[in-house]
Every structure is written in structure tokens, then in C-alpha cells.
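Undergrad: Next come the chains, spelled out residue by residue.
2 protein chains.
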Amino acid sequence: MKFSTLPPKGTFDVLPEEMELRNWMQETIRETYEENGFAQIETPCIENLDLLTNSEGGENLQLLFKILKRGEKLNLSEVTEEMTENDLADLGLRFDLTLPLSRFYANNRNDLLNPFKAFQIGNVWRAERPQKGRFRQFTQCDIDILGDESIYAEIDLIFTVTKALKRLGFENCKVKINDRRLLREMVNRAKLPDGDFDSICISLDKADKIGLQGVKDELLGKGFLTERVDHLLALLEEVKAQGLDAFEGEEAEDLKLLIHNIEEYFPIEFEPTLVRGMGYYTGPIFEIESEDFKSSIAGGGRYDNLLSKFQKESLPAVGVSIGFERIFSILMEKDFLIPERRKKRALVFTKDEDLQRAIAFAEGLRDRGQIVSLVRVFNKMRKKLKQLENTYDQVDVIRDETVLGDLLEAHEL
Amino acid sequence: MKFSTLPPKGTFDVLPEEMELRNWMQETIRETYEENGFAQIETPCIENLDLLTNSEGGENLQLLFKILKRGEKLNLSEVTEEMTENDLADLGLRFDLTLPLSRFYANNRNDLLNPFKAFQIGNVWRAERPQKGRFRQFTQCDIDILGDESIYAEIDLIFTVTKALKRLGFENCKVKINDRRLLREMVNRAKLPDGDFDSICISLDKADKIGLQGVKDELLGKGFLTERVDHLLALLEEVKAQGLDAFEGEEAEDLKLLIHNIEEYFPIEFEPTLVRGMGYYTGPIFEIESEDFKSSIAGGGRYDNLLSKFQKESLPAVGVSIGFERIFSILMEKDFLIPERRKKRALVFTKDEDLQRAIAFAEGLRDRGQIVSLVRVFNKMRKKLKQLENTYDQVDVIRDETVLGDLLEAHEL
Chain A
4 MKFSTLPPKG TFDVLPEEME LRNWMQETIR ETYEENGFAQ IETPCIENLD
54 LLTNSEGGEN LQLLFKILKR GEKLNLSEVT EEMTENDLAD LGLRFDLTLP
104 LSRFYANNRN DLLNPFKAFQ IGNVWRAERP QKGRFRQFTQ CDIDILGDES
154 IYAEIDLIFT VTKALKRLGF ENCKVKINDR RLLREMVNRA KLPDGDFDSI
204 CISLDKADKI GLQGVKDELL GKGFLTERVD HLLALLEEVK AQGLDAFEGE
254 EAEDLKLLIH NIEEYFPIEF EPTLVRGMGY YTGPIFEIES EDFKSSIAGG
304 GRYDNLLSKF QKESLPAVGV SIGFERIFSI LMEKDFLIPE RRKKRALVFT
354 KDEDLQRAIA FAEGLRDRGQ IVSLVRVFNK MRKKLKQLEN TYDQVDVIRD
404 ETVLGDLLEA HEL
Chain B
4 MKFSTLPPKG TFDVLPEEME LRNWMQETIR ETYEENGFAQ IETPCIENLD
54 LLTNSEGGEN LQLLFKILKR GEKLNLSEVT EEMTENDLAD LGLRFDLTLP
104 LSRFYANNRN DLLNPFKAFQ IGNVWRAERP QKGRFRQFTQ CDIDILGDES
154 IYAEIDLIFT VTKALKRLGF ENCKVKINDR RLLREMVNRA KLPDGDFDSI
204 CISLDKADKI GLQGVKDELL GKGFLTERVD HLLALLEEVK AQGLDAFEGE
254 EAEDLKLLIH NIEEYFPIEF EPTLVRGMGY YTGPIFEIES EDFKSSIAGG
304 GRYDNLLSKF QKESLPAVGV SIGFERIFSI LMEKDFLIPE RRKKRALVFT
354 KDEDLQRAIA FAEGLRDRGQ IVSLVRVFNK MRKKLKQLEN TYDQVDVIRD
404 ETVLGDLLEA HEL
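Chains as they are written, first to last, in my numbering: chain A, 4 to 416; chain B, 4 to 416.
Think of the hints as simulated: they come from the structure by calculation, not from any bench. A portion of the hints provided could be inaccurate.
One copy or any two copies: either way a pair holds, since identical chains are not told apart in the list.
Unchecked claim - Listed next, the in silico DMTMM-like pairs over lysine to aspartate or glutamate satisfying Cα-Cα at most 20 Å (straight line): (1) 347 <-> 114; (2) 209 <-> 62; (3) 389 <-> 114; (4) 312 <-> 16; (5) 177 <-> 267; (6) 72 <-> 90; (7) 346 <-> 30; (8) 312 <-> 59; (9) 72 <-> 85; (10) 72 <-> 88; (11) 72 <-> 53; (12) 169 <-> 370; (13) 166 <-> 366; (14) 259 <-> 355; (15) 76 <-> 88; (16) 72 <-> 93; (17) 347 <-> 37; (18) 354 <-> 253; (19) 259 <-> 356; (20) 166 <-> 370; (21) 169 <-> 34; (22) 297 <-> 328; (23) 12 <-> 93; (24) 312 <-> 93; (25) 354 <-> 114; (26) 212 <-> 295; (27) 354 <-> 256; (28) 347 <-> 34.
Taking the hints into account, I'd like the entire structure generated from these sequences.
TA: See below:
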């Protein structure tokens with residue numbers, strides 16, 4: 004029996020050239036996060052299923068990969084129609100890095116600084132219908148600050164993540180910010196029902212695609228009163244014109260402080276229709292858009308209530324996630340060249356007797372920082388050299404004493 | 004409802020100090036593999052279940068984490084007693100990196116060099132009964148050479164992996180080598196049944212724990228004829244005395260060439276009772292033992308038949324895996340200090356007005372290669388400074404113009 008050689012639907016193999024770029028991206032991100040004082044942590048890729056299914060993961064809960072119980076815990080002869088998937092499964096693959104971070108913090112807080120500045124690089128899984136740019140396994144790069152209720156946490160995060168994006172080659176970006184509480188204030192001022200806040204936000208979120216008129220039509224279609232929808236739209240126009248001065252209170256003052264401290268380094272602006280999806284956001288929210296690629300490449304916000312799932316006290320928390328796969332595909336498409344990439348050379352030997360000297364010679368070159376692959380070629384020399392020349396920046400052949408001598412001399416070894 | 008804050012049974016959270024060590028280990032291994040000409044690749048953590056369950060994974064197949072089918076594919080009302088787990092699940096978590104590599108090679112071989120020198124660093128999952136040093140999710144670091152039938156592949160692998168181990172601080176190690184074909188030759192010469200080869204090997208594998216007399220007792224207990232067991236033991240004694248000269252044929256000559264090329268760099272010896280578990284090994288096998296910690300820290304062998312699961316032609320292949328978790332726990336236990344670890348400093352600001360200058364100052368230090376965490380402290384100054392001093396190598400406080408001025412001057416900024 005021969006098996007399919009394809010990876011599972013919606014997942015992908017990473018070839019050597021792709022891996023080089025992914026490693027460089029991860030290293031650049033890690034280096035930036037580290038130098039700005041964030042500490043890397045890791046949690047398992049699997050979590051207990053009751054934790055995952057009782058999170059506020061929104062639509063991600065429909066996309067869970069659940070892991071079958073094992074051994075005695077799974078008795079197939081006792082399966083009945085009333086049973087649900089959760090009777091058969093006890094673990095699941097994580098769908099983001101934020102929920103595991105919250106569990107991690109509650110589990111280890113005695114060993115952690117307060118505030119705790121964390122970063123994570125890891126895979127997450129979502130059983131999405133496969134389509135271009137959507138994967139079932141993909142890498143996330145998150146930074147979070149736990150335990151700081153001040154707007155400084157947002158400033159620190161946005162400063163750090165925009166610096167990482169610059170180093171990844173995304174100079175031409177814009178940070179858009181808003182605050183869930185300002186959104187709610189507008190909904191309340193327009194006397195729209197507070198209980199429909201989420202539904203109203205879902206419509207508002209489409210403003211950049213369908214325009215404010217489109218938002219209005221959608222809200223009317225949902226049955227909200229014309230007068231109140233008009234009021235909300237008028238408020239939005241007013242806020243768009245006046246900016247944060249349209250509000251009183253510390254939420255607006257905080258956003259002004261945020262803008263004041265970031266704008267020197269990166270374009271940033273208040274965007275009153277920015278919503279972002281995840282249900283657990285409670286305060287400021289933000290998104291970073293690449294102007295060159297008309298694409299959101301990072302985003303995050305404050306989620307002050309998530310920690311209370313695990314511990315008595317709630318804990319202020321704010322996080323941002325880089326769209327690693329989006330950035331990777333943009334860089335691949337534009338044939339991005341990794342800066343300071345090391346040259347690769349192949350050193351070919353043609354008989355067993357040359358091997359020891361070939362090893363010693365290769366080691367001499369490696370000690371000088373070169374990447375050297377020793378390659379044994381005993382036949383089909385011409386064809387194989389051609390293949391090697393397609394892959395390596397330089398190919399040398401040890402054919403006899405003379406050549407090796409020349410090589411040694413040329414490299415002063 | 005409050006949830007358990009513990010990670011799932013048999014898995015672990017990685018704290019910042021542990022992460023630093025793990026990153027340094029991975030970077031050291033990656034750097035060594037790369038400079039010796041191996042190319043890093045990655046495959047998904049999940050594979051199709053029929054691929055995993057039809058592999059020669061031996062006992063690992065009992066330890067599979069299986070992933071429940073999703074949506075319409077899973078109909079709980081149609082579950083019957085005759086159904087097996089494989090009717091409910093369609094994916095599984097990989098239990099090693101070798102099987103995915105074989106699939107990867109078959110899937111991408113037109114884009115890969117021949118021979119292909121690959122390395123992988125990634126997690127694997129096995130539902131083992133949790134015990135000290137055994138985890139259900141753990142990291143493996145593998146290098147493999149596909150497409151080279153010569154002993155040079157083993158030389159290249161062992162040379163590269165021992166170099167990595169040296170750099171990880173394991174100078175005092177020994178490579179033990181054997182060949183599955185020499186084991187079989189001894190079993191055949193002793194006229195023991197070839198069909199019981201695996202069972203005989205399982206007993207032989209215990210020689211380092213129970214001695215040759217213990218092996219003899221176990222084989223007699225399994226019902227093999229005394230005369231033949233005695234013959235096998237006599238052969239083993241003879242081979243222990245004469246070494247590889249006890250054999251004729253190219254297997255022994257190959258092992259001699261291997262020893263000849265490695266011994267200059269690392270202690271290596273022939274060990275006729277070395278077996279190694281995995282069912283798919285076909286030729287040379289090897290294990291690297293730390294003398295200081297009386298522990299096997301790497302191992303591998305040749306598996307020439309695995310590729311034929313995916314493609315018509317079989318392909319010579321050999322690989323070695325570093326026991327990453329074992330090495331990590333040894334280094335943690337001996338309080339290993341990471342070489343050239345960068346110092347971490349905290350820069351404390353105490354009021355919003357200082358923030359902009361604090362950011363600029365921190366950036367100046369970071370440009371000089373320092374790790375600087377900006378920390379906001381608005382109250383409980385003494386307590387918080389104490390905490391910071393426990394974590395950071397240096398703590399500076401911006402209290403007023405003067406202090407900042409002094410700091411700027413001291414750093415010539």
C-alpha cells in the first residue's frame with residue numbers, strides 16, 4: 004500500500020529556502036522582543052478540552068481539533084446518541100496563544116515578575132475550510148503585558164511590535180487604534196440597545212469595505228430604529244471630524260497619550276470604526292496595516308477579564324499578535340533577500356582515501372564562519388556537479404593532491 | 004467556573020529562564036547542523052491517521068494521539084460497537100520526525116538535492132504513562148541523509164552530531180556502533196530461528212543492564228535451545244574480544260572506515276550488543292552516551308526501506324536524533340550558565356512626562372546591543388525596585404532631570 008505524500012488538508016511542508024526565511028523572520032522578531040525586555044515562554048500545543056471549550060474564543064470554538072480519549076477512558080461500546088464530541092475527547096489543539104498564556108500566568112505567577120512582559124512564538128490550529136492564505140496549522144508571534152492597567156502597556160507593545168515590523172521590511176505601515184469603551188459610549192449615546200452591542204460592532208467592522216452607508220443599510224436590515232441608526236452614523240461622522248476631542252473621560256486621554264508617544268516613531272491614528280473580532284477585548288484595540296500591501300499584518304487589544312477564569316482576582320492584560328503567515332507570504336512573493344545571508348559551499352570528495360583530509364579542510368573553513376557541505380561523488384561527476392552548482396554558491400572538488408594543496412594554500416590553512 | 008491552571012498531564016510550561024536555555028540549545032544545534040551543510044525543513048505536527056497507523060512505529064502506535072473527525076464526517080448517531088477508533092479519527096499527532104521526513108521527501112523530491120541532508124527541530128507527542136523524564140509532548144532534533152547508500156552518510160551524521168554535543172557542553176561522550184546485519188549474522192551462525200530475530204534482539208538489548216548471563220537466562224526462558232543460546236553467547240564473547248575482525252564482508256569494513264574517520268574527533272567503539280528499538284532500522288545503528296551522566300543522549304541508524312511506503316523506488320536513508328529533553332534536564336540540574344548571555348537592565352520611569360525621554364534613552368542603549376525593559380513604577384517604589392533587582396542585572400530609575408542627565412552622560416548619549 005502506497006500512502007499519499009501530501010500533508011493533511013490545509014497544512015503545508017516547509018522547504019529549505021522557505022525555512023531560511025521563516026527562521027530569519029522569527030529570529031528578527033525574537034531579537035526585537037528580547038531587547039525590549041520581553042521574556043519568551045512556551046506552553047504545550049495541547050490543552051485540556053474543557054478549558055478550550057469554555058473560553059471566549061468565539062467562532063474559533065467551532066474550529067477546534069479535538070483529541071480522542073485513550074485507553075480505558077474511551078469505551079466505544081458505550082457510545083449513545085445523546086453523547087457529544089466532548090464525551091469522546093479530553094484534549095484539544097490550541098487555537099491561539101492568548102488563552103494558554105492566561106493559564107500559564109495563573110499557574111506560574113509566583114515565579115514571574117509583575118507586570119509580566121511575555122512573548123510567544125508557536126503554532127496554533129483551526130479547522131478552517133482551506134482557502135488561499137488560510138491554514139489549519141499556522142505560526143503566531145504574540146507579545147503580551149500582564150498586570151499593567153495603564154496605557155503604558157499599550158505604548159510598550161505597539162512600540163515594540165512596530166519596531167519588529169520595520170526590521171522585517173515593513174516601513175510603510177499605519178497603526179489604527181480605538182477603544183471598545185468608546186464604541187460602547189457611541190452606541191449608548193445613540194440609544195441603541197446595549198445588549199446588541201456585539202451585533203452592532205460586527206456591522207461597524209465592515210465600514211472600511213462597505214462604507215458608512217453600507218453599515219447603515221445593514222443595521223436597518225437588522226431591525227434597529229432608523230432614528231437611532233442615523234444618530235449613531237451622525238456621531239461617527241462627528242467623531243471622524245473631531246477625533247478624540249469628541250470624547251471626555253480618561254479613555255480618550257489615554258489614547259491621546261498613546262498617539263503622542265508613538266507618532267514620533269510610526270504613523271498612528273484614531274479609527275472610530277475599528278472593532279476587531281475576538282469577544283474578550285475590553286479596552287483599547289489596535290491594528291497595524293501595511294500600506295504597500297493593503298493588508299492588516301498585526302493586531303491586538305486589552306483583555307482585562309480573561310485571567311479571572313483561572314484565579315480569583317482579575318488581572319489587567321493587553322496583547323498583540325503579528326500575522327506571521329501573512330508576512331511570510333508577502334516576503335516570499337516579492338522575492339525578499341535575507342540580509343547578511345551566509346554563502347553556502349560544497350566540498351566534493353571522490354574517494355574514501357580523501358575523506359579524512361576533506362573533513363579537516365572543511366572544519367578549517369567552518370571555523371572561519373563558512374557553511375560547508377561535504378559531498379561524496381563517486382560517479383556521474385558532471386551531472387552531479389551541475390546539480391550542486393544550482394544549489395551552492397561555490398563548489399570545490401578534491402580530485403588529487405594538487406587540488407587539495409591549492410585549496411589549502413588559497414585559504415591559508 | 005474556575006479551571007485547572009495545570010497544563011495537560013505529561014506536558015509542561017516553559018518559564019523564561021528555561022526558555023533561554025532551550026533557545027540557546029536549539030540555536031547551538033541549528034548553527035552546527037547548518038555550518039555542516041544540513042538544510043532545515045519543517046512538516047506539520049499533524050499527519051493523516053492512516054499514514055501514522057500503517058508505519059513501522061512499533062510501540063509508538065499504541066501511544067498515538069488521534070484527532071476526532073469534524074463536522075459531517077463525524078456522525079455520533081451511527082457509531083456501532085464494531086467501529087474502531089480509526090472510524091472516529093482521521094488525523095494524529097506525529098510520534099517522531101522520521102516518518103514525516105519520509106513523506107516530505109517523497110512529496111518534494113523534485114525540489115531537493117540528492118543526496119538530501121536535512122535537519123528538523125520540532126515537537127512530537129506520545130501518550131506515555133507520565134513518569135520522571137518522560138513527557139507526552141517533547142522536542143526532537145533530527146538530522147538525516149536521504150539518498151546516500153555509503154557509510155559516508157553515517158560518518159557525516161555522527162561527526163556533525165558529536166560536534167553539536169561538544170558545543171552543548173558534553174565533551175565526555177562515547178559513540179557506540181553496531182550493524183543490524185552483523186546481529187543477524189550472529190543469530191544465523193548460532194542457528195537460532197531467523198523469524199525470532201526481533202525477540203532475540205530485545206533480550207540482547209538488555210546486556211548492559213543484566214549482563215550476558217542475564218541475557219542467556221532470558222533467552223532460555225523464551226524456550227530457545229540451550230546449545231544454540233550457548234553458541235550465540237560464545238560468538239558474542241569472541242566478537243567482544245576480536246572486535247570487527249571477527250567478521251568478513253563489507254558491513255564490518257564499513258564500520259571500520261566509520262571508526263577510522265571519527266576517532267580523531269570523538270571516542271567511538273564497536274558494541275556488538277547494541278540493538279536500538281525502532282523496527283525500521285536495516286543497517287548500521289549507533290548511540291552516543293554521556294560518560295558523566297551515564298545516559299544515552301543521542302542515537303540513530305540506517306532505515307533503507309521506509310521511503311518505499313511513499314514511492315516506487317526504495318531510497319537509502321540514515322538519521323540520528325538528539326535527546327533534547329534529556330540534555331535540557333541535565334543542563335538545568337547542573338545550573339549550566341549560557342555562554343555570552345547578554346545582561347538585562349530595567350529602566351524605571353515614575354511619571355508620564357518622563358516616558359518620551361525614557362523611550363529615547365532606552366533605544367539608545369538597545370542600539371548598543373543592550374537588553375532594556377522600560378518599567379513604569381508609580382507606587383510601592385521600594386517593594387517593586389526590590390523585585391526588579393531580583394530579575395535584572397541592573398536597575399536604573401529616572402526620578403528627575405538630573406538622574407536622566409547623569410545617565411545620558413554616563414552612557415555618552
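Undergrad: Take the hints in turn and mark each one as holding or not.
TA: Against the structure, the hints:
With identical chains, the CA atoms of residue 347 and residue 114 are at most 20 Å apart between copies only, with a shortest distance of 17 Å across copies and 43 Å within one. Taking the shortest Cα distances, residue 209 and residue 62 sit within 20 Å of each other inside one copy (17 Å), while across copies they are farther apart (53 Å). For a Cα distance limit of 20 Å, the shortest separation of residue 389 from residue 114 across copies, 15 Å, qualifies, whereas the shortest one inside one copy, 56 Å, does not. For the homomeric pair residue 312 and residue 16, the shortest alpha-carbon distance between copies (18 Å) is at most 20 Å, but the shortest distance inside one copy (36 Å) is not.
Proximity of residue 177 and residue 267 under a CA criterion of 20 Å is satisfied intra-copy only: 12 Å inside one chain copy versus 58 Å between copies. In this assembly of identical chains, residue 72 and residue 90 lie within 20 Å of each other by CA distance both inside one copy and across copies; the values are 9 Å within and 14 Å between. For a Cα distance limit of 20 Å, the shortest separation of residue 346 from residue 30 qualifies both inside one copy, at 18 Å, and across copies, at 19 Å. With identical chains, the CA atoms of residue 312 and residue 59 are at most 20 Å apart within one copy only, with a shortest distance of 10 Å there and 43 Å across copies.
With identical chains, the CA atoms of residue 72 and residue 85 are at most 20 Å apart both within one copy (17 Å) and between copies (18 Å). For the identical chains of this complex, residue 72 and residue 88 are neighbours both inside a copy (11 Å) and across copies (10 Å), given an alpha-carbon limit of 20 Å. Taking the closest pair of Cα atoms, residue 72 and residue 53 come within 20 Å of each other both inside a single copy (13 Å) and across two copies (18 Å). For a Cα distance limit of 20 Å, the shortest separation of residue 169 from residue 370 across copies, 15 Å, qualifies, whereas the shortest one inside one copy, 33 Å, does not.
Taking the closest pair of Cα atoms, residue 166 and residue 366 come within 20 Å of each other only across two copies (11 Å); inside a single copy the shortest separation is 38 Å, beyond that limit. Taking the shortest alpha-carbon separations for residue 259 and residue 355, only the inter-copy value of 12 Å comes in at or below 20 Å, while the best intra-copy value is 71 Å. Within a single copy, residue 76 and residue 88 get their C-alpha atoms as close as 14 Å, and across copies as close as 12 Å, so both meet the 20 Å cut-off. In the homo-oligomer, the alpha carbons of residue 72 and residue 93 lie at most 20 Å apart both inside one protomer (6 Å) and across protomers (14 Å), since each shortest distance falls under that limit.
In this assembly of identical chains, the alpha carbons of residue 347 and residue 37 lie at most 20 Å apart only when taken from different copies (9 Å versus 29 Å within one copy). Only between protomers do residue 354 and residue 253 lie at most 20 Å apart by alpha-carbon distance; the minimum there is 16 Å, versus 77 Å within a single protomer. For a Cα distance limit of 20 Å, the shortest separation of residue 259 from residue 356 across copies, 13 Å, qualifies, whereas the shortest one inside one copy, 73 Å, does not. In this homomeric assembly, residue 166 and residue 370 come within 20 Å of each other (Cα to Cα) only across copies, at 12 Å, whereas the closest approach inside a single copy is 33 Å.
Within a single copy, residue 169 and residue 34 get their C-alpha atoms as close as 13 Å, which meets the 20 Å cut-off; across copies the closest is 26 Å, which misses it. Proximity of residue 297 to residue 328 under the C-alpha cut-off of 20 Å is restricted to the intra-copy arrangement: shortest distance 15 Å within a copy versus 43 Å between copies. For the identical chains of this complex, residue 12 and residue 93 are inter-copy neighbours only, at 11 Å across copies versus 23 Å inside a copy, given an alpha-carbon limit of 20 Å. In this assembly of identical chains, the alpha carbons of residue 312 and residue 93 lie at most 20 Å apart only when taken from the same copy (19 Å versus 32 Å across copies).
Taking the closest pair of Cα atoms, residue 354 and residue 114 never come within 20 Å of each other, the shortest separation being 57 Å inside a single copy and 27 Å across copies. Taking identical chains as interchangeable, the C-alpha atoms of residue 212 and residue 295 lie at most 20 Å apart only when both belong to the same chain, with a minimum of 17 Å there against 65 Å between chains. Within a single copy, residue 354 and residue 256 get their C-alpha atoms only as close as 75 Å, which misses the 20 Å cut-off; across copies the closest is 15 Å, which meets it. With identical chains, the CA atoms of residue 347 and residue 34 are at most 20 Å apart between copies only, with a shortest distance of 13 Å across copies and 24 Å within one.
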